[in-house]
Amino acid sequence: MGEVIYSAKPLWAVLVSMIAAFLILLTGEKHRNLREGWTILAALIKFGLVFSLIEPVLAGKTIEYTLITLLPGVALQFRVDAFGLLFGVVAATLWIPTSFYSIGYVRTLKEHGQSRYFFCFAMCLSSAIGVAFAGNLLTLLIFYEILTIATWPLVVHHEDESAIMGGRKYLVYTLTAGCTLLLAIGITYSLTGTLNFTSGGFIAGHGSPGLLILLLAMFIAGFGVKAGIMPFHEWLPSAMVAPTPVSALLHAVGVVKAGVFGCVRVILFVFGPELLHQLGVWTILAGVVAFTVVVAGLLALGQDHLKRRLAFSTINNLALIILGVSLLSKNSMTGGILHLANHAFMKITLFFCAGAIYAKTHKDHVSQLDGLGRQMPFTFAAFTIAAMGLCGLPPVNGFISKWFLCLGAVETHQIIFLFVILTSAMLDVAFFFPIIYNGYFKKPLPDVAPKIDEAPMLMVIPLCMTAIFCIILGIMPNAFLNFFNIVRLAVANVLGG
Amino acid sequence: MIDQFPALIIVAPLLGAFLTPIIGWRYRQLCRPWALMILAIPLYAAGGALLQVIRSGPFGYNLGGWAPPWGIEYRIDHLSGLMLVLIAAIGLLAAINAKPGVSMDLKGKEPHFYTLLLLQITGLMGIVITGDLFNIFVFLEISSLSGYGLIAHGEDGAPMATFNYIIIGTIGASFYLLGVGYLYMATGSLNIADLAAILPNLYHSKMILVGFAFFTTGVAIKMGLFPLHVWMPDAYTTAPGPVSTLIAPLMTKVAAYIMIRIMFTLFQPDFSISVVPVATILGWMAVVAIIVGGIKALAQTDIKRMVTYIMIAEVGYIVMGVSVMNRPGLTGAILHIVNDACMIFGLFLIIGAISYKGHGREIYHFQNLNKKMPFTMAAFVIVALSMCGIPPACGFFSKWYLIMGTIVAKQWVFSITLLCSSLVNAVLFFRIIEKAYLAPLGGGAHGHDDDHEEEVIVRDEAPASMLIPILITAAIIIILGPLSGKIIAAVIQHAVPAAF
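Protein sequence lines correspond, in order, to chains A and B.
Take the first sequence: its position 246, counting from 1, is numbered 246 in the numbering used here, and each next residue is one higher.
Take the second sequence: its position 349, counting from 1, is numbered 1349 in the numbering used here, and each next residue is one higher.
Calculated from the structure, these hints are not laboratory results.
Just so you know, not all the hints are guaranteed correct.
So the derived list for chain A, only partly shown, Cβ under 7 Å to chain B, looks like this [claimed, not checked]:
| id | residue |
| --- | --- |
| 1 | Glu145 |
| 2 | Ile187 |
| 3 | Leu191 |
| 4 | Thr192 |
| 5 | Asn196 |
| 6 | Ile416 |
| 7 | Leu418 |
Positions of the beta carbon are idealized from the N, C-alpha and C atoms, including for glycine.
With the sequences and hints as input, model every part of the structure.
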């Protein structure tokens, strides 16, 4: 590793939205424009802070900030490396459109409890960045648990029966996962005496192979709950009762990606490729996630509720990311990590579209969308772009990550995984294209307006922006944010050169 | 002045207690300011003593100038210093908080209340500060007797609960006294440091073994360790609000302190492992306590009673940390004494405030409470999350050390019990949070503003004298978490025997 810079920027990136959260609560419903102003301001500052970290990290430096010692040898510490930065940049970037979109959404639908909503949203972002920049497992766990709790009020936002039940299910899954992680981290600490992430892993040489395999299983189960790895995925479709911007940012970017991020951290930075090759468990791990990829795709086919279908697609793609990383070859890792960013942009667009449709027409089932493309052309255009991306069609960004995933599968001589990735792309086509077909080509339902009648601008502009961004990232993966270089650097760090 | 701190810690509240009835004779409303003033002295002195210990190590104070082992020695080391600050701080906050509760539950009995409160604090501080086994018994009785007096003032059922408590508590204290007697017969000494030097040669003497058994059982009764907990739920549930706020968080923790003293200072840690397998027995009793406490808590609908059962489980946590007999475990136990005292204190403060505002203690009474008492409920959420072990609240860190202790001891059943218990706590508290913050289940979907504009809920927050201690405690719970590394480095690691 290169030079280390000591700077409080990562801390501020975490704190800025936490401070904003309390300002939001203090401002309250009476001054809603000021309250929303705090959200936007915090989003912009956060983006600026995270953006300013890209250049030093690409120059091979690591940014570190230690807050306070928690245990002997373990501190509440932020350390920004290329991989953490990638997740941080994705979350911070997408918070901006989501903020605008949220304002449009809650105002159009006259949602109740808006202060609570924006408060929790800001807390979630704060902890997501905390997860991204955490320098060791304990810091990661702390922010991961805050994220769990801060998301709960958003899941139960509607306060009706399905929301409360969805919230309970969410808590049961995630808190149990948190306990599993706590035990796993405790065992790791007692074995090694350290918890600091190290490129290529730090646990090798401690403990018997059996214990290490058990430990890996506990880590993957713990983080896998949020990442929706089967059989721990059930909470995610149920959590779709949340307002759509929540589903968009948290169930496509923040929460679930924190789970994926944790899995990848454990695979590459705690265990490391070498140890996993030695233990020989990477094929089992890849097998489990490959199963999730295919089965989630099949289940998505059967969903008529639009957001539930998107949720299964999310499960499918998250597993694809972990599959890429667990194949442990250079290209598959590149593809997996890059897909973490690309999927975020595509999926947030899809959720934005689903929300715009719901806010405008109160329709949330695929079978109700007949002919709606004529009424909401922008929304459907954006939807089509993002869906094409997820199917892996050029020139949308999903093509690039899937290309690398396929290359990686070939590289490892495990042709079965190549088939898995391709099958999943086929399934993507099978469950996305009927929506597009219904929207554009079917005879319009009687309640579809004959002329263009879109959702409010505050919703349409963000979703068009993210859709355009998907294309730009497909043509120039390094556009604006240097995603591709960051991913390359992250993979190079792990593989040691 | 600083030399006299140890004496001041005891003498100030003791004298204050005796003067309170005299003051209250004519000027009843002066009792509270007087008690607050008195309680500030031991807090200041305890803080000074703890700083002194951190700076220059443990020190002794010969009461009346009589040298130990004949005279009574007050001995302040890291553990007792920490406990002193804890007791003094909670005592002061409880006294601040008591005003509205006393005026409601104990109208006209202010002098009684503040006298007994000061005596209670004297007793608890005395147990912690003294270096003399028999003296511990004396202070234990002072605190217990004042406790009986306070609890008996409570709601319906309190006299009966107190009677139970007196009988069982007296048995506990007698057992402790018998233990002291056996040790005195065998050694002729009562000073803990002196005894610790004499005892290792006598470890296999029957007299010592019997004495140890009496000690452990007596302390376990006072601590409410399952199955000796039966007095606890009734006593703390029926006690008046300000009383349970004071006694519940402290009494069990001080009993746990006595246990740690006996097992690690009076006897060598080795004794509890190899001479008698008491550590193993305690560990499994703790498992049962945690499980039974959790299940019983789940069955309660009265939140105050629920918290008392949670306390039984939490006592199990502390005993488990002690029983694994290693550094992280004992660190966790001591840390949990502090953290749990703060959390239980916070819960009883909040319950007191809710009752004072005329809301019931059943879970369904919590409906919409977040709109009526937003600050109290925000504090409640913080305490609840800490009880579930969610970082960065302090509960997470003691849980971490306790689990580390069980991992190092390779007691996997213990680790899993601890983890399950925090999940049970999550169920216990989230069902209340759900009630307080969300619309009633099955009450129909009303996702939007305009649906429920008619029902106007007026904010009706607890009075400042209750709200301030509540918010301070909530803040302490959050701050203690990240600071736990510092606290352990400065204080707790010195309280753990060097052999670990």
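| said: Flag every earlier hint the structure violates by its number, smallest first. | reply: 3, 4, 5, 6, 7
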